[in-house]
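Enquirer: The primary structure of each chain is shown beneath.
Protein chains: 6
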Amino acid sequence: MAQFDMPQSDLERYAPEIDEPGDFDEFWSVTLAEARTFDRAPTVERIDIGLTEIVVDDVTFPGFGGHPIKAWLTRPAHADGDLPVVVEYEGYGGGRGLPHEKIHWAAAGYAHLRMDTRGQASGHGTGGATPDPVGSGPASPGYMTRGVLDPHDHYYRRVFTDAVRAVDAVRAVPGLDPARVAVAGGSQGGGISLAVAGLVPDVVAAMPDVPFLSHYRRAVSITDALPYGEITKYLSVHRDPAVEAQVWRTFSYLDGVSFARRARAAGLFSVALMDIICPPSTVYAVFNNWAPGQAEPVLKEIDVYPYNNHEGGGDYRFPRKLAWLGKII
Amino acid sequence: MAQFDMPQSDLERYAPEIDEPGDFDEFWSVTLAEARTFDRAPTVERIDIGLTEIVVDDVTFPGFGGHPIKAWLTRPAHADGDLPVVVEYEGYGGGRGLPHEKIHWAAAGYAHLRMDTRGQASGHGTGGATPDPVGSGPASPGYMTRGVLDPHDHYYRRVFTDAVRAVDAVRAVPGLDPARVAVAGGSQGGGISLAVAGLVPDVVAAMPDVPFLSHYRRAVSITDALPYGEITKYLSVHRDPAVEAQVWRTFSYLDGVSFARRARAAGLFSVALMDIICPPSTVYAVFNNWAPGQAEPVLKEIDVYPYNNHEGGGDYRFPRKLAWLGKII
Amino acid sequence: MAQFDMPQSDLERYAPEIDEPGDFDEFWSVTLAEARTFDRAPTVERIDIGLTEIVVDDVTFPGFGGHPIKAWLTRPAHADGDLPVVVEYEGYGGGRGLPHEKIHWAAAGYAHLRMDTRGQASGHGTGGATPDPVGSGPASPGYMTRGVLDPHDHYYRRVFTDAVRAVDAVRAVPGLDPARVAVAGGSQGGGISLAVAGLVPDVVAAMPDVPFLSHYRRAVSITDALPYGEITKYLSVHRDPAVEAQVWRTFSYLDGVSFARRARAAGLFSVALMDIICPPSTVYAVFNNWAPGQAEPVLKEIDVYPYNNHEGGGDYRFPRKLAWLGKII
Amino acid sequence: MAQFDMPQSDLERYAPEIDEPGDFDEFWSVTLAEARTFDRAPTVERIDIGLTEIVVDDVTFPGFGGHPIKAWLTRPAHADGDLPVVVEYEGYGGGRGLPHEKIHWAAAGYAHLRMDTRGQASGHGTGGATPDPVGSGPASPGYMTRGVLDPHDHYYRRVFTDAVRAVDAVRAVPGLDPARVAVAGGSQGGGISLAVAGLVPDVVAAMPDVPFLSHYRRAVSITDALPYGEITKYLSVHRDPAVEAQVWRTFSYLDGVSFARRARAAGLFSVALMDIICPPSTVYAVFNNWAPGQAEPVLKEIDVYPYNNHEGGGDYRFPRKLAWLGKII
Amino acid sequence: MAQFDMPQSDLERYAPEIDEPGDFDEFWSVTLAEARTFDRAPTVERIDIGLTEIVVDDVTFPGFGGHPIKAWLTRPAHADGDLPVVVEYEGYGGGRGLPHEKIHWAAAGYAHLRMDTRGQASGHGTGGATPDPVGSGPASPGYMTRGVLDPHDHYYRRVFTDAVRAVDAVRAVPGLDPARVAVAGGSQGGGISLAVAGLVPDVVAAMPDVPFLSHYRRAVSITDALPYGEITKYLSVHRDPAVEAQVWRTFSYLDGVSFARRARAAGLFSVALMDIICPPSTVYAVFNNWAPGQAEPVLKEIDVYPYNNHEGGGDYRFPRKLAWLGKII
Amino acid sequence: MAQFDMPQSDLERYAPEIDEPGDFDEFWSVTLAEARTFDRAPTVERIDIGLTEIVVDDVTFPGFGGHPIKAWLTRPAHADGDLPVVVEYEGYGGGRGLPHEKIHWAAAGYAHLRMDTRGQASGHGTGGATPDPVGSGPASPGYMTRGVLDPHDHYYRRVFTDAVRAVDAVRAVPGLDPARVAVAGGSQGGGISLAVAGLVPDVVAAMPDVPFLSHYRRAVSITDALPYGEITKYLSVHRDPAVEAQVWRTFSYLDGVSFARRARAAGLFSVALMDIICPPSTVYAVFNNWAPGQAEPVLKEIDVYPYNNHEGGGDYRFPRKLAWLGKII
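Residue numbers (full-length UniProt numbering), protein chains in the order written: chain Z, 1 to 329; chain L, 1 to 329; chain H, 1 to 329; chain V, 1 to 329; chain S, 1 to 329; chain E, 1 to 329.
Possibly wrong hints are sitting among the right ones.
No copy labels: a pair is met if it fits in one copy or bridges any two.
[What the hints assert, rightly or not] In silico DSBU-like links for lysine-lysine, alpha-carbon gap of 35 Å or less: (1) K327 <-> K300; (2) K300 <-> K102; (3) K327 <-> K102.
Keep in mind that the hints were calculated from the coordinates and are not lab data.
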């Protein structure tokens with residue numbers, strides 16, 4: 001069925017119960033505190049790639065475990081004053097790519113940091129340069145089940161920490177305005193931006209597109225597409241109910257819904273109703289839980305693409321986000 | 001088989017015989033002369049899309065039959081003097097898209113014209129706005145067999161003419177250097193750029209990536225993938241040998257190999273050895289025939305991607321082309 | 001899921017609300033009036049294809065815009081008196097084919113007109129010979145979205161008009177009984193026959209099999225199969241909600257449900273419960289709306305094939321229709 | 001690869017060595033002699049299916065083992081004199097279907113017998129009514145490997161015998177001309193017609209389209225499509241080289257190439273170059289061996305469809321065969 | 001959808017109405033009585049396959065019609081006293097395979113009989129040696145529709161009878177304990193074990209994994225996967241409602257649900273929630289009907305694999321069954 | 001094409017040139033020496049899984065880096081004297097599974113060690129328990145490209161070392177005969193056994209089935225199936241020719257062909273001619289290079305399965321290997 005998930009009217013009301021561990025906040029505060037003990041300043045190295053209107057820096061900053069994380073920082077060549085910043089995270093299997101690729105924010109007067117994803121960058125696109133120096137227990141091909149038996153060991157604990165540290169890093173770069181940092185990303189990048197919005201509540205905005213890494217149990221029950229299907233694969237092999245319980249417990253520390261509940265920033269989402277990779281109910285589960293219980297409700301909007309699969313909003317998103325963010329930042 | 005076409009060493013020597021009609025040049029000189037009777041100047045309308053470093057114009061110029069053809073023209077915001085120009089054509093099913101999408105050439109100090117493809121712009125991406133007001137005889141879904149029984153009626157006669165007129169158009173825009181115009185494009189866009197290079201020999205360079213629209217008979221015999229497969233589909237229905245002969249005759253006026261023989265510009269190609277959409281032998285058939293018999297051989301290079309399918313060189317191409325073109329232009 | 005649409009009991013009650021524009025009738029009365037200004041008599045040319053029991057005429061009649069539309073007219077070789085007529089329309093991508101193919105009605109004592117479909121006839125089967133001389137705006141490969149932004153421009157406005165004119169044409173051929181004309185067709189041909197039944201209420205019967213071109217919004221939401229999927233494709237690219245609204249408005253002039261409401265003829269339908277091309281709910285939406293509110297209810301029947309996909313009733317249909325029509329005509 | 005088999009020029013010369021057992025002729029003469037001991041006359045029962053120009057008889061004749069085999073016999077309603085006859089065999093999984101379906105030969109003044117295929121008639125189409133009352137050893141789903149360990153037990157020994165007896169049957173029906181019997185069929189029906197042509201040399205013509213059941217070893221090596229793939233499946237399970245040898249020995253009594261060598265009738269073939277079900281080399285292996293060594297060479301022709309898969313010539317075949325047979329019969 | 005059938009909570013309550021003919025018990029008592037008139041003792045022939053800890057016998061016993069049915073009987077080499085027995089049936093398309101394959105029960109101190117499946121053993125695995133000497137009417141490729149128009153003729157009447165006779169056979173072999181016989185099998189083997197449990201109520205336990213051959217109508221409506229899809233295929237061709245009724249009547253004598261209602265043995269089931277071959281609702285329909293209405297409820301358990309397709313419990317089943325059966329036997 | 005690789009006669013002669021680095025032997029001698037510095041004795045812990053004829057030990061031994069590697073050791077319950085040993089490695093994505101699964105060698109009087117594969121054990125089957133505590137640079141999903149830029153970092157350097165240490169481990173277990181150790185495995189397990197045979201020349205036999213991890217460049221050029229396709233994926237992203245060269249250099253330390261050249265043990269191979277996972281030419285490249293230049297040629301045999309895909313010989317292999325090894329050991 002083309003629009004295979006719930007009807008749109010049900011999606012708009014969808015508020016599932018999500019398991020959230022009691023020590024969720026402690027888990028993450030300890031994690032980030034440890035990471036921040038590696039307090040090297042980011043290295044920022046100008047490179048020449050032949051552009052005349054945009055300048056590019058090759059950035060390295062300390063992520064989880066102090067591991068060096070790579071990123072590209074692009075800025076307009078003719079800027080004055082401290083720039084607002086968009087930190088962007090990449091989709092599953094991708095990396096920071098080549099330095100010239102994502103220059104739209106810079107062309108619009110923003111600074112833009114494009115963070116590499118540790119250990120990935122080899123599934124499509126133009127690669128990256130950040131290792132993940134941590135091994136794992138038995139895992140399915142892919143990244144979803146690395147360290148899945150303990151939230152401390154899980155791959156995305158490291159990635160989310162890298163992503164928080166990317167915000168820390170841009171706030172330390174001269175010429176960028178630490179008070180005006182937004183996060184963004186599509187698919188996995190959207191999921192990471194959710195985590196950052198939950199863990200760094202003072203970012204000014206989050207702009208996740210068709211976010212991944214949310215409401216895992218629903219996802220696994222409704223789609224067998226990868227990468228959620230990596231969890232299915234793992235559980236199809238490791239069938240001890242105690243193991244299954246541990247797997248879901250691990251993901252309960254990594255769920256976009258729980259991050260959404262802690263977010264305080266404005267949110268601009270997108271969702272596609274024919275998206276079998278990141279099913280719309282998993283996206284609405286996040287959106288409907290975004291930044292609740294504020295004295296002054298935050299701005300949150302979601303753009304619905306009824307006829308699209310996981311390409312989501314594609315290139316329609318940049319002008320939409322540029323206009324939206326311009327009103328906030 | 002992954003590398004399903006000829007071995008690389010055979011590809012490099014591949015010089016097939018291609019049917020070329022005796023009146024090929026006359027056909028095209030008459031076609032272009034007719035189109036140029038519609039000699040309206042292009043309209044160039046500045047639009048604001050929120051970019052600070054790049055300026056964008058919405059361009060309309062007269063194409064085949066004088067039909068209005070849309071394009072985006074992007075330039076650096078801070079340029080001095082007449083700019084060199086890259087005219088780019090789009091892949092099959094795509095269109096000129098949104099104005100912010102392809103700003104890399106502008107960010108590097110070039111003017112860049114992105115031509116819409118008449119009647120397409122609805123298969124992927126972000127659309128376009130150029131109708132094809134001409135009907136056709138019975139045809140398979142798609143654009144390949146519209147008007148296939150007479151080269152005068154064929155869809156690509158119109159598209160190639162539009163593409164030539166795009167070069168004419170940029171040469172008439174103030175601030176652009178008419179002596180430094182290059183053409184480029186991937187897949188269908190590569191095929192169109194081949195046609196322009198053959199029909200407008202004084203462009204300074206052509207940069208076709210994994211070009212389509214070349215050596216049709218070989219393509220149909222070796223791949224059943226679309227869009228070459230549209231020809232197969234048509235011929236699977238219309239089986240009269242006289243019809244088949246007419247179909248091949250029509251394509252003989254539209255073959256990238258014949259355009260290549262007439263090219264005089266420098267050429268930078270790319271080819272992927274696992275490309276089932278535009279099989280490598282059809283690309284080499286063009287490259288090996290590029291701009292022959294010159295007193296001073298033109299610069300021609302081909303980048304080979306042994307492990308790629310039709311994504312070809314992807315984002316690796318822009319820095320490669322930027323560096324290469326910088327040496328020429 | 002094999003029977004993926006609603007349960008049979010729900011299908012039998014399915015009466016969805018369909019958008020119908022206020023000027024639907026005016027739109028079509030104007031359209032037909034214009035077409036009928038091209039009032040040439042059909043040309044009827046006897047051809048010899050080696051059959052001894054059946055005679056065949058090559059028919060050309062004026063369709064939309066007066067464009068020449070081709071058809072085959074077959075009759076028994078030994079007939080006396082004016083014959084009842086079955087006018088048949090073809091499935092998507094097909095054409096009138098070869099003159100010998102559909103001789104069953106003639107072998108049963110009927111005249112049979114098999115109308116070519118303009119611009120198609122190249123997707124399967126044995127072809128056709130009727131161009132569609134009208135161009136279109138940007139459209140997905142196929143015929144569904146040609147002219148989709150204005151009902152006046154839409155491809156099926158022309159095809160439905162051709163189909164009405166086919167009835168006009170057979171009524172003008174000597175030896176055929178203008179009072180005993182039925183329409184029939186499968187898939188697209190079924191959808192066209194619905195349109196004719198709504199636009200020419202005095203046909204004596206309509207016999208649509210697994211009809212296409214009905215309840216487009218439901219179809220697009222429940223199946224991603226082509227050709228309904230061409231609409232999905234178009235809307236996945238052209239995402240402006242105003243464009244989407246215009247697309248649905250255009251189809252509201254072309255919906256089998258609205259034609260069904262205007263039908264007055266007896267109806268014999270078929271539907272297949274595993275049909276992913278023309279989902280059963282879209283067929284029942286038509287059937288349940290067939291010829292409502294008559295003083296004397298019309299005969300309407302639907303044959304259900306629970307275990308079939310889009311092959312529907314296949315060759316079981318002819319004897320069923322022959323027996324059913326024999327009671328009416 | 002689209003045209004995946006040999007180049008056309010190699011196909012035309014392709015003359016593979018085929019294993020043929022020394023007792024091939026004895027095997028078949030004993031088989032047919034046994035079958036003919038069941039010498040009941042066919043029952044011929046007129047049925048009324050509402051056609052006015054064609055008459056239909058429900059025929060039952062004794063096949064292999066004297067088992068009752070069903071067929072439809074159609075004739076023109078207004079015929080004079082003894083009619084020439086075309087005996088037609090069906091494709092794999094099909095049956096004699098409904099009586100009205102194949103009336104083209106009758107409409108052209110021929111008698112036409114459409115033989116049911118024992119035990120099949122349940123894979124597509126409209127069925128049949130002939131059991132195969134013989135069991136088998138372990139076999140893959142389908143009919144190819146039933147009795148595969150002994151040519152006496154093989155399913156096609158029974159089918160080919162039925163097919164020969166069908167010719168015997170029509171020669172015994174009043175109103176048909178026993179001296180003017182041709183055989184025809186597509187795919188499996190083509191393979192069966194090859195067998196009959198080899199076993200009943202005095203039929204006047206054979207018209208196999210894209211014939212199956214020929215050059216089995218080549219087929220299995222070049223395609224994994226069903227039904228040849230049933231042999232692959234069987235051999236993938238039963239791997240004893242002695243079993244494999246026995247399998248090939250069994251098929252050596254059933255190979256269209258050996259039947260071709262014994263044919264004396266005129267032959268009209270068709271082949272499709274993109275046919276992955278019945279690869280073109282297996283068809284040419286038959287055609288190139290057709291009726292060799294005659295004092296006066298027989299007429300043999302092959303129509304090549306370069307752009308078709310197993311649909312072969314489709315509806316283009318009947319007019320072609322009608323014209324060709326008209327010159328012979 | 002990954003978990004495509006009902007939610008787990010609905011599955012646990014699922015109690016569909018199943019058609020059961022009034023003469024179900026008579027049908028089977030007559031069938032078994034007839035089969036038992038062939039009262040030859042099983043032949044038991046020791047073979048040497050190089051194992052030192054396990055002994056293997058090649059067993060032949062009379063099945064339906066007295067036809068010889070093959071099986072492997074394995075036992076520990078060092079056993080004392082009469083052994084408990086597990087009789088196991090194979091999955092669709094498989095056979096008894098090679099004698100060394102299933103030695104786990106023997107390695108645990110049990111006797112184990114692995115029954116061949118007549119006529120199959122050629123779809124995967126390592127084969128078998130038991131013919132099915134009975135022919136059939138028209139049937140789809142496969143075994144599901146052989147004899148489908150009369151329960152007396154249906155293939156599974158023969159197979160289920162063989163399976164009952166396998167229990168009779170092991171009860172006649174010296175060294176085995178006739179009072180401690182359990183039945184087991186996966187998929188088709190599970191379905192067969194259900195039948196035996198219903199027909200031989202004094203087996204001590206049944207251990208069906210992801211059983212096939214149950215609740216056919218539900219299966220056909222919810223999945224189009226083979227082998228249930230063979231029924232769909234048959235009914236898609238044979239469309240007379242009377243034929244359809246007869247098909248369902250035939251299967252009503254062969255339905256696992258009806259056998260479950262007659263079972264008296266302890267039952268250990270498994271089901272997989274992503275199983276598209278044997279959908280979970282068809283398994284629960286059996287489990288929820290298992291051995292009802294006993295004075296003392298029988299032990300019945302079902303293991304649920306939420307993330308598995310038709311591999312079900314795979315190798316997890318043997319230790320689970322060994323432990324469970326150890327408590328019973 | 002079914003048999004898609006070279007013809008059998010070419011395969012038997014296929015002797016490709018393989019790049020082999022000059023320091024291949026030093027690389028491995030250093031690697032193994034380092035690993036052997038972790039010289040803990042294996043822990044061997046008896047577990048009870050309910051078998052009466054077989055005893056099972058849970059073994060842990062130090063692998064690469066001294067990391068603990070798990071394995072199951074099975075033996076006959078009633079054995080006398082030191083047992084010959086078969087060490088077996090698993091296929092890609094699998095692990096040591098459950099302790100009862102592979103008991104055939106034990107049932108035949110052998111000891112059998114089934115080594116877990118570090119970090120895998122989550123793709124199919126029943127899992128495992130051995131982490132891979134080493135991280136990696138950017139890599140495609142899977143294990144093939146982890147550490148692919150330096151042979152010291154590559155995943156298979158660790159796995160092959162584990163495998164050598166498994167042989168060391170069994171040689172240290174009381175009751176096993178260190179002079180009679182053979183290695184075996186299918187697919188990845190076959191590839192690993194090749195490596196061990198090259199690195200531990202005094203094993204008495206190697207029995208690789210359809211081995212993987214050999215002649216990587218050929219594999220990548222001829223198949224796009226996983227897991228070789230992981231290399232393709234990586235190279236499709238990382239396109240710098242220097243990177244490509246480094247990738248092939250890394251694999252040159254890991255190629256089964258180079259290990260074969262160093263083998264001295266008897267070899268029993270199997271190959272399947274329709275194997276698209278491990279194409280037959282890559283298997284013959286190993287077999288044709290097996291243990292060359294010996295004064296007394298070693299016994300080497302290869303069993304060819306012409307009609308099988310990657311299931312290769314399946315269960316046919318154990319009896320074949322048991323008989324063959326019995327003659328050697």
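Enquirer: Which holds for K327 with K300 at a C-alpha limit of 35 Å: within a copy, between copies, both or neither?
Expert: within (13 Å within a copy, 49 Å between copies)
Enquirer: Go through the copies and call it for K300 and K102: within, between, both or neither, with a Cα cutoff of 35 Å.
Expert: For K300 and K102, both the intra-copy (25 Å) and inter-copy (29 Å) Cα distances are at most 35 Å.
Enquirer: Checking K327 and K102: alpha-carbon separation at most 35 Å within a copy, between copies, both or neither?
Expert: Answer is both: 22 Å inside a copy and 25 Å across each meet the 35 Å cutoff.
Every hint from the earlier list agrees with this structure, and none is contradicted.
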